[in-house]
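Asks: Now for the letters of each chain:
Protein chains: 2
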Amino acid sequence: MKYIKNSFKGLKPYHSSLITDGIILNANESPYNPPKVIIEEFKKEVEKIEFNRYPDMDERELCHSIAKRFNVNDNNVTIGVGSDELLDCVFRAVIDNGDKVVSFSPSFSMYKVFTELVGGEFVGVYGDDFKFNVDDMISSIKNNNPKLVLICLPNNPTGGFLSEKDVRRIIETTSGLVLLDLAYIDFSGYDYTNIALEYDNVISFRTFSKAMSLPSIRCGYAISRDFNIDMINSIKAPYSVTTMSQIMARIANDHFNLYKVQIDLIISERERLYNNLLNLGFKVYPSKANFIFVIMNDKYFDILLENKIYIRKFKENTYRITVGSQKENDTLIEVLKCAKQN
Amino acid sequence: MKYIKNSFKGLKPYHSSLITDGIILNANESPYNPPKVIIEEFKKEVEKIEFNRYPDMDERELCHSIAKRFNVNDNNVTIGVGSDELLDCVFRAVIDNGDKVVSFSPSFSMYKVFTELVGGEFVGVYGDDFKFNVDDMISSIKNNNPKLVLICLPNNPTGGFLSEKDVRRIIETTSGLVLLDLAYIDFSGYDYTNIALEYDNVISFRTFSKAMSLPSIRCGYAISRDFNIDMINSIKAPYSVTTMSQIMARIANDHFNLYKVQIDLIISERERLYNNLLNLGFKVYPSKANFIFVIMNDKYFDILLENKIYIRKFKENTYRITVGSQKENDTLIEVLKCAKQN
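Residue numbers (this note's numbering), protein chains in the order written: chain X, 338 to 679; chain A, 338 to 679.
Don't read these hints as lab results, they were simulated from the structure. Hints should not be assumed to be uniformly reliable.
Straight-line alpha carbon distances no greater than 35 Å define the calculated DSBU-like cross-link-like pairs of lysine-lysine that follow [to be verified]:
#1 X/502 / A/346
#2 A/437 / X/339
#3 X/381 / X/339
#4 X/664 / X/381
#5 X/349 / A/650
#6 A/502 / X/346
#7 X/346 / X/380
#8 A/380 / X/385
#9 X/385 / A/405
#10 X/449 / A/349
#11 A/650 / A/449
#12 A/437 / A/339
#13 X/339 / A/342
#14 A/380 / X/380
#15 A/437 / X/437
#16 A/381 / X/373
#17 X/405 / A/380
#18 A/479 / X/339
One side only, chain X facing chain A, incomplete, derived with CB under 8 Å [what the hints assert, rightly or not]:
#19 349
#20 351
#21 388
#22 394
#23 397
#24 421
#25 430
#26 503
#27 552
#28 564
#29 568
#30 577
#31 579
#32 581
#33 662
Yeah, the Cβ is synthetic: ideal placement off N, Cα and C, and Gly gets one too.
Please put together the full structure from these sequences, using the hints given.
Replies: Rendered as structure tokens:
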């Protein structure tokens, strides 16, 4: 990569293998397609699309649909290619060389990547045994005076969660912007989205990729006070969200209630999987998301792989297992049970 | 926007009005939907999509289809959310604070935006009467030693073009990277894409948004030597191109020949529109693209607007008119003719 700038010399192109066969529990995807009604409505809309026209760059219909759901104004919402694009926009807008970004660690790995891409300095706040330590977070904010504070709730990959009171404590400690990444919040039984409207310094990020079963359309959104939304929109690439994604997301959002059955099923499967993994003697962490963080010997990972069951490895003996369908979870448990007995 | 960094304080969120009624000749869109066969094949594929899975982040099938068309290897191709995303990746990868970027001017306005977003310095090379001046470009390269040289062929918004010999002269003068933006090349009767494979320092950018009639899916691609493709892939956000866009683009690319009729029609309409505008006494520039650059009094713009005909204004008395369908062009000519007579 002879033309890349010096500070990026260490970067490597990231590839991931495309798995099309087996049980895929490594990407926190829902095991279910969206409800049929949504797909059918979408197919009817496809007939009417003028493919030869650019998408609506302001995603008006989708913003309006989301604003209605959260009872905010249309100008409190903006749409991106996954919430990733919007997070990236905030990093680009706010972080100058050497500015600090504070996040609990481990958390979503892209926070560090986004920080480094804009020359910021990433500070991770590690808790004992992978738990959130709010006091340490508050000390770190006081010591580092960060421009951005990242909080992923429930946390990816640990599944950890915070009370609303703790979230507010953090927000009220910092003069920087707090980014609430709520990608998995629908699995928690709570919703912190609208906290963002109560403060100047909070942006909530949500996505269609998890509980809404639509990672294929790459669509996320941010909710905040209008000047923060304006800031994102002044950095965001025009026309980044495709016409079909806007339409599909709008239909899904309008039918949000139809997802309840799927979400409840995933939550109850999560609890069942948790108990089974616990009974098998693995170290398991309580989770409010659609995945479970597990400490287990690497040999079990290899055995799962041999059985075409794909889970996510973080480091030695440290894994994240996405909650699959009942049948998929049964197979996973069965394979681990057999492995334990041998 | 209280949290935005100082260097971005002047930025404003960019909005564009959504026009749904009238004759839209302001965005260089094709007046035609893609050929029916393509839409029908796509609809069959929708039935099989697992919407609950992330897209293939390496866009393997689409890269392979494109590589086949241009007779290059799969690792000479990468896909983006429009060629814009890929251009942006190169700017982010290459430009450090104060680095120079040289481009003919006027050209695609995003080059300057991308430069400023990463703290680079943009140098425009202006020719007399909106024409390319290759000698001045070469002097500017020698004087400025730019990290990036942008060449848009045919040029947006002027429609200007360069011989292959001139393109090579520029490439061989600079030690920086040359970005050949070929968004409109299919309307020129030439193809410079594969020049990128002959040099270390050239990347060609193409898009499905223009001749392929698919701006709605936001899909572009870059072709270059593998290390330049690796560089883009190491910056590019993972999973940015949706599953549906990958599928639609792959089908369209496989059926590239079906577009010939549409493209030929647009080219012949361009020539007819050019002659008509010339005969009406406007100053018109020869174009190799699907638009025409025109100097005309602002009052004609107002009259067109009153008739719901939308063209693109650049500055006082300076416009770009996209070539529409035969009927749309007829209406435009008729309105201008009437206006001239009054």
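Asks: A separate judgement is required for each hint: does it hold in the structure or not?
Replies: So, going through the hints one by one against the coordinates:
Distance restraint check for residue 502 of chain X and residue 346 of chain A: the Cα-Cα separation of roughly 33 Å lies within the 35 Å cut-off, and the hinted pair is therefore satisfied. Taking the CA atoms of residue 437 of chain A and residue 339 of chain X, the gap is near 17 Å; set against the 35 Å cutoff, the hint holds. Straight-line distance between C-alpha atoms of residue 381 of chain X and residue 339 of chain X comes to about 49 Å, which puts the hinted pair past the 35 Å bound. Under the criterion of a C-alpha separation no larger than 35 Å, the hint pairing residue 664 of chain X with residue 381 of chain X is consistent with the structure, at around 32 Å.
Using a Cα cut-off of 35 Å, the hinted pair residue 349 of chain X and residue 650 of chain A is violated, with the two alpha carbons roughly 42 Å apart. Proximity of residue 502 of chain A to residue 346 of chain X is assessed by CA-CA distance (about 33 Å); at most 35 Å being required, the pair is judged to hold. For the suggested pair residue 346 of chain X and residue 380 of chain X, the alpha carbons sit about 45 Å apart, so the restraint of at most 35 Å is broken. About 12 Å separates the Cα atoms of residue 380 of chain A and residue 385 of chain X, which keeps this hinted pair within 35 Å; it holds.
Using a Cα cut-off of 35 Å, the hinted pair residue 385 of chain X and residue 405 of chain A holds, with the two alpha carbons roughly 32 Å apart. In summary, the hint linking residue 449 of chain X to residue 349 of chain A is supported, as the alpha carbons are separated by about 27 Å, within the 35 Å threshold. For the hint pairing residue 650 of chain A with residue 449 of chain A, the CA-to-CA distance comes to about 18 Å; that is within 35 Å, so the pair holds. In summary, the hint linking residue 437 of chain A to residue 339 of chain A is supported, as the alpha carbons are separated by about 29 Å, within the 35 Å threshold.
Distance restraint check for residue 339 of chain X and residue 342 of chain A: the Cα-Cα separation of roughly 30 Å lies within the 35 Å cut-off, and the hinted pair is therefore satisfied. Taken as a hint, the residue 380 of chain A and residue 380 of chain X pair is honoured in the structure, with Cα atoms around 8 Å apart against an allowance of 35 Å. Proposed proximity of residue 437 of chain A and residue 437 of chain X is supported: the alpha carbons are some 28 Å apart, at most 35 Å. The suggested pairing of residue 381 of chain A with residue 373 of chain X holds, with an alpha-carbon distance near 16 Å, which does not exceed 35 Å.
For the hint linking residue 405 of chain X to residue 380 of chain A, the alpha-carbon distance of about 31 Å falls within 35 Å, and the restraint holds. A threshold of 35 Å between alpha carbons decides the hint, and for residue 479 of chain A with residue 339 of chain X the separation of about 20 Å falls inside it, so the pair holds. About 6 Å separates the beta-carbon of residue 349 of chain X from the nearest beta-carbon of chain A, less than 8 Å, and the hint is met. With a cut of 8 Å, the hint placing residue 351 of chain X at the interface with chain A holds, because the nearest CB-to-CB distance is about 6 Å.
A cut of 8 Å between beta carbons decides the hint on residue 388 of chain X: the least distance to chain A is about 5 Å, and the hint holds. For residue 394 of chain X, the shortest C-beta to C-beta distance to chain A is roughly 5 Å, which falls under 8 Å, so the interface hint holds. Nearest Cβ of chain A to the Cβ of residue 397 of chain X: about 6 Å, under the 8 Å cut. The hint holds. Look at residue 421 of chain X: its Cβ gets to within about 6 Å of chain A, closer than 8 Å, so that hint holds up.
A cut of 8 Å between beta carbons decides the hint on residue 430 of chain X: the least distance to chain A is about 5 Å, and the hint holds. Interface hint at residue 503 of chain X: violated, since its Cβ lies 22 Å from the closest Cβ of chain A, which is beyond the 8 Å cut-off. Annotation: residue 552 of chain X was flagged as interfacial toward chain A, and the flag holds, the nearest CB pair being 4 Å apart, inside 8 Å. At a threshold of 8 Å, the smallest CB-CB gap from residue 564 of chain X to chain A is about 5 Å, leaving the interface hint in force.
Checking residue 568 of chain X against chain A: minimum C-beta separation of about 4 Å stays under 8 Å; hint holds. At a threshold of 8 Å, the smallest CB-CB gap from residue 577 of chain X to chain A is about 5 Å, leaving the interface hint in force. Because the beta carbon of residue 579 of chain X sits about 5 Å from the nearest beta carbon in chain A, less than 8 Å, this interface hint is met. Of the supplied interface hints, the one on residue 581 of chain X holds, with its beta-carbon coming within about 5 Å of a beta-carbon of chain A, less than 8 Å.
A least Cβ separation of about 11 Å between residue 662 of chain X and chain A goes past the 8 Å threshold, and the interface hint is therefore violated.
Of the numbered hints listed earlier, those contradicted by the structure are 3, 5, 7, 26 and 33.
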